[in-house]
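Student: Single-letter residue listing:
There are 2 protein chains.
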Amino acid sequence: MSIFIAVDLGGTHIRAASFRPNEITPLKHQKIKTRSKNEAVFGRLLGLIEEVIPANETLGAIGIAAPGPLNPRTGVILDTPNIDEWENFPIVDKLNDYFNIPVYLGNDANLAALGEWKYGAGRGHEHLLYLTISTGVGGGVISDGHLLEGVDGLGAELGHVTILADGPICGCGHRGHLEAFSSGTAIAKYVEDQLKDPSTASSLRSSSTRTAKTIAAAAQSGDKLAISAFDRAGKYLGIGVASFLHIFNPSVLIFGGGVSMSGDLLFKPFHTSLKEHIFGHTYLDNLKITTAELGDDAGLLGALALVEMKT
Amino acid sequence: MSIFIAVDLGGTHIRAASFRPNEITPLKHQKIKTRSKNEAVFGRLLGLIEEVIPANETLGAIGIAAPGPLNPRTGVILDTPNIDEWENFPIVDKLNDYFNIPVYLGNDANLAALGEWKYGAGRGHEHLLYLTISTGVGGGVISDGHLLEGVDGLGAELGHVTILADGPICGCGHRGHLEAFSSGTAIAKYVEDQLKDPSTASSLRSSSTRTAKTIAAAAQSGDKLAISAFDRAGKYLGIGVASFLHIFNPSVLIFGGGVSMSGDLLFKPFHTSLKEHIFGHTYLDNLKITTAELGDDAGLLGALALVEMKT
Chain A
1 MSIFIAVDLG
11 GTHIRAASFR
21 PNEITPLKHQ
31 KIKTRSKNEA
41 VFGRLLGLIE
51 EVIPANETLG
61 AIGIAAPGPL
71 NPRTGVILDT
81 PNIDEWENFP
91 IVDKLNDYFN
101 IPVYLGNDAN
111 LAALGEWKYG
121 AGRGHEHLLY
131 LTISTGVGGG
141 VISDGHLLEG
151 VDGLGAELGH
161 VTILADGPIC
171 GCGHRGHLEA
181 FSSGTAIAKY
191 VEDQLKDPST
201 ASSLRSSSTR
211 TAKTIAAAAQ
221 SGDKLAISAF
231 DRAGKYLGIG
241 VASFLHIFNP
251 SVLIFGGGVS
261 MSGDLLFKPF
271 HTSLKEHIFG
281 HTYLDNLKIT
291 TAELGDDAGL
301 LGALALVEMK
311 T
Chain B
1 MSIFIAVDLG
11 GTHIRAASFR
21 PNEITPLKHQ
31 KIKTRSKNEA
41 VFGRLLGLIE
51 EVIPANETLG
61 AIGIAAPGPL
71 NPRTGVILDT
81 PNIDEWENFP
91 IVDKLNDYFN
101 IPVYLGNDAN
111 LAALGEWKYG
121 AGRGHEHLLY
131 LTISTGVGGG
141 VISDGHLLEG
151 VDGLGAELGH
161 VTILADGPIC
171 GCGHRGHLEA
181 FSSGTAIAKY
191 VEDQLKDPST
201 ASSLRSSSTR
211 TAKTIAAAAQ
221 SGDKLAISAF
231 DRAGKYLGIG
241 VASFLHIFNP
251 SVLIFGGGVS
261 MSGDLLFKPF
271 HTSLKEHIFG
281 HTYLDNLKIT
291 TAELGDDAGL
301 LGALALVEMK
311 T
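Listed in order, the protein sequences are those of chains A and B.
For the first sequence, the working numbering assigns the number 1 to the initial residue and increments by one for each residue that follows.
For the second sequence, the working numbering assigns the number 1 to the initial residue and increments by one for each residue that follows.
Because the hints were derived from the structure by calculation, they are not lab data.
Some hints could be false.
Which copy is meant is left open, so a pair is good if it fits within one copy or across any two.
[Claimed, not checked] No farther apart than 25 Å at their CA atoms in a straight line, the calculated lysine to aspartate or glutamate pairs in the DMTMM-like style are these: (1) K94 with D223; (2) K33 with D84; (3) K33 with D79; (4) K275 with E87; (5) K28 with E192; (6) K275 with D79.
The shape of chain A in the complex, shown without the other chains (with noise of 0.2 Å):
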């Protein structure tokens, strides 16, 4: 029987792996740097697929999670963060060309919710809801047992919702999105904002890396500017699920990305605000709220899931 590759397109790593049908456990598995000085991303990304893929084994299918914009229907990916090279790159087509196998692309985020729900903390929902916080917001959808991807497969942006019309400005350029109240790079930049009054006081002035991580840490040692910035994004989240209860009516939320890690810090005023925003208390009532189960296999994992929906 042929065997599937999985591959994990991220900032910083590259991942591939190989699968046997119906198994999670890769056969072989290897990551190199996403950049490179010297070589071309596409031809590192060649070798190590051929690395993964193990000795006497027939290749059945290739799927990619990459971060978006990307087209899952024409395979293209229409621009990366860190891969500069790669503006409206076929990636389908080219892997296709080379392996002569089927290859799938999809949207990180939409693949980890897919990789969630099949083999992760979503198991036995067919309305399933997973967001992803961590430097960015991201979302995915599956609804009635599909994947909501939309037409050209730019769907699932939760992160790109206007909750705060006129609010801050997000990291796309437009203003008062859900990334920008909840993500970590929002919550350093309230920060930042909040000291360039002098008279706040802070222990964070004194830091030379202000992340949402050591924003955290001081949140935990009683930082009240700290505490406030996660209260803030987390007021801020709950407001934005509740409009996605009202739009999916999931039976599962799922939450990812390492900012998600925050616990109560992110998570105690994400409840209150979420239980004073809802439509109807049914919304919660067969609601399960959870965090990922795959973590950093989420995308290699969802690319699998993806590969093994498609064939």
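Dock chain B against the given chain A, drawing on the hints supplied.
Tutor: Okay, now just chain B, sitting in the frame of chain A:
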């Protein structure tokens, strides 16, 4: 071959019609007023359905479109405007007990989306967004050929999505929902609020009834307050729709409901705002924006589409 019955439970009228499979011209069609002083609604509904069953035909199934909140999975109307006696009313079981055929229930906005998809402005599209703008704002979504309902059928409540946290109060009691800006009720409420300032000049001041319709007429005659009310509704509609496009990436957006008949008054500011708030032009490049084709028959044909989908 057995025939289908479709029922549209409206606030003012209840309509019922019988159809042959794959035909949208009814065999028989009747309507009654929803309220009656002397008789309970359910008995009158049974009579109405019996009236539209043609002689010598076998009944196959019944589909019902009703205003929410309702649970299409259990067939229970949780609460419905204009029919006080129907709280937690198991309409599907009741009709099934009486007629002994399958009965299917759906939210009227979701079914209008389904109807437009199958018989109206959405034919040929697999990713559809439907928005009805009347006294409230309702939504329906088809994603990859599947109606988005959620685990308890409470999904696609697109009017109750927060676009301005801490904004004006919505009919549901929460703040800053799309419905609180762009519904007919919100347009009228905005005018009332502005008229509280005695210095606001407007032809509407002397008007005895101020509804979205009379405000639209005043705007057509150049009334500045009336124009600003539609400008505001259109601006926030554009903000909300930009978010919905980021979420669903549909290939067609269909507007239904009375307020969506206001033409440029609403849609000029809407388009300006949508272009301003959209994440990238790709979301608009492959999008057709149009108006509903089924008019008053949306609920009835939506209920028919539901039956045909289920049987």
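Student: All the hints need checking, so say for each whether the structure fits it.
Tutor: For each hint, the structure was consulted:
no. : hint          : verdict
1   : K94 with D223 : neither (51 Å within a copy, 60 Å between copies)
2   : K33 with D84  : within (15 Å within a copy, 65 Å between copies)
3   : K33 with D79  : within (19 Å within a copy, 57 Å between copies)
4   : K275 with E87 : between (43 Å within a copy, 24 Å between copies)
5   : K28 with E192 : neither (44 Å within a copy, 68 Å between copies)
6   : K275 with D79 : between (38 Å within a copy, 21 Å between copies)
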